Amino acid sequence: MKLLLFGIAKDIIGGSVFELPSGSKHPKNVLELKHILVQLFPEFAKLSSFAVAVNSQYAHDDEALQINDEIAIIPPVSGG
Amino acid sequence: MKLLLFGIAKDIIGGSVFELPSGSKHPKNVLELKHILVQLFPEFAKLSSFAVAVNSQYAHDDEALQINDEIAIIPPVSGG
Amino acid sequence: MKNTFIDIVDEIDTAQVYTHLIDAHSGGICVFVGTVREFTNNEQVISLEFEAYKTMAINEMQKIAEEATQKWSLNKVVIHHAVGLKKVTEAVVIVGVSSAHRDACFEACRFLIDTLKKRVPIWKKEVFSNKSVWVSAHP
Amino acid sequence: MKNTFIDIVDEIDTAQVYTHLIDAHSGGICVFVGTVREFTNNEQVISLEFEAYKTMAINEMQKIAEEATQKWSLNKVVIHHAVGLKKVTEAVVIVGVSSAHRDACFEACRFLIDTLKKRVPIWKKEVFSNKSVWVSAHP
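Chains as they are written, first to last, in our numbering: chain A, 1 to 80; chain B, 1001 to 1080; chain C, 2001 to 2139; chain D, 3001 to 3139.
Treat the hints as calculated values from the structure; they're not laboratory data. In this text, all values refer to a predicted model and were calculated from it rather than measured experimentally. Where a beta carbon is used, it is the ideal one built from N, C-alpha and C, also for glycine. Do not rely on the hints blindly, as some may be mistaken.
Negatives, chain B to chain C, calculated, CB over 10 Å [unchecked claim]:
{"no.": "1", "residue": "Gly1007"}
{"no.": "2", "residue": "Gly1023"}
{"no.": "3", "residue": "Leu1040"}
{"no.": "4", "residue": "Ser1056"}
{"no.": "5", "residue": "Gln1057"}
{"no.": "6", "residue": "Ser1078"}
Quick partial rundown of chain D residues pointing at chain A, CB under 8 Å, derived from the structure [to be verified]:
{"no.": "7", "residue": "His3081"}
{"no.": "8", "residue": "Leu3085"}
{"no.": "9", "residue": "Ile3122"}
{"no.": "10", "residue": "Ser3136"}
Listed next, the stretches of chain B that the computed footprint assigns to chain C, with coverage defined by at least 3 CB atoms under 8 Å from CB atoms of chain C [unchecked claim]:
{"no.": "11", "region": "1024-1037"}
{"no.": "12", "region": "1043-1055"}
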């Protein structure tokens, strides 16, 4: 499962794409993905918040994740 | 005493400048001038309102008029 | 005020106005442009004609700009009004401000156009196919 | 919506945006431009760097434009955001609307910029002489 990274998420993980370790269990929904990220990269817990987008739309915590979805980590936005 | 005219005041009087009849008594203040205008041109009474400017500033009814002042009739403004 | 740009013009130059509003201490620029629209109360407008008492109009616009800079923290203020004949879609007035923050931008810009409409000695005649009317003259 | 003009661009073109907003049924055009200012909390900013999740940002900007046209009677809506490195005084975002009346213009324009700042996936890094900071990332 591949994650697109932006803003500070790119700096935390060190790259613009992150592949979840192939050995690990795939997260079944957004909330599980968030937990995995915080475990792997504790810096995420220090952010004001972070969201997950699935196929270019904001996703709720209980939204299911499919292997072919385009999944992006959305740290606090600051456009404008 | 010469009056500058704009907008509908120009149409009512028929020109962009109006000289008060030389025989008539000069108005001593703005209110008197307004009364004279309405008497000479009753159409002024039909306007939503009209103001008088003295030397390019809005004037109160009790403001005195001097012979050398630049006096203008200000019908309801509608800029913008 | 050197950061105020007030004028009565034959043609509104929106690019020139924007250039004037650009400012290193401002994070926001808000601009309102009044344009001629084709219909007023379902009647088709051919053109608008604007007439100004120029010296007094500039005085009043200057006072409005000063009032705005007293109420809000503004870095630049522009008020330009056009005179003469204006056709559908043409700009007749432009007001704009720049400020550090957008609250001040929006509020001040709104104040400028609202106050201009109330006080500045400029008159608008609506020209229709069969008549012309000085706007707001009669109740 | 054919009267909506949404884009992520390298450079904001204010003249092009204004041209898009001109409309025969509109009496008013309101535009807000966000620009880079030199100081943030008294620290001198050298530049801002913007990054967007482009497909999603355009989705969100489109939704915001649609929400605005549902709330107010608008004839044209523009939302453009810049990406890349922006220097002091450069435009980073422009939102604008045209409408028959100025109330709708001001309210809708304000809604567009406020909502864009909350939702559109774009990130701003402030570059100072001795550090750089992703804005709003930390509490």
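These are the hints, each one checked on the structure:
no.: 1; hint: Gly1007; result: 3 Å, violated
no.: 2; hint: Gly1023; result: 28 Å, holds
no.: 3; hint: Leu1040; result: 18 Å, holds
no.: 4; hint: Ser1056; result: 4 Å, violated
no.: 5; hint: Gln1057; result: 7 Å, violated
no.: 6; hint: Ser1078; result: 4 Å, violated
no.: 7; hint: His3081; result: 6 Å, holds
no.: 8; hint: Leu3085; result: 15 Å, violated
no.: 9; hint: Ile3122; result: 3 Å, holds
no.: 10; hint: Ser3136; result: 4 Å, holds
no.: 11; hint: 1024-1037; result: violated (count 0)
no.: 12; hint: 1043-1055; result: holds (count 4)
In summary, the numbered hints that this structure violates are 1, 4, 5, 6, 8, 11.
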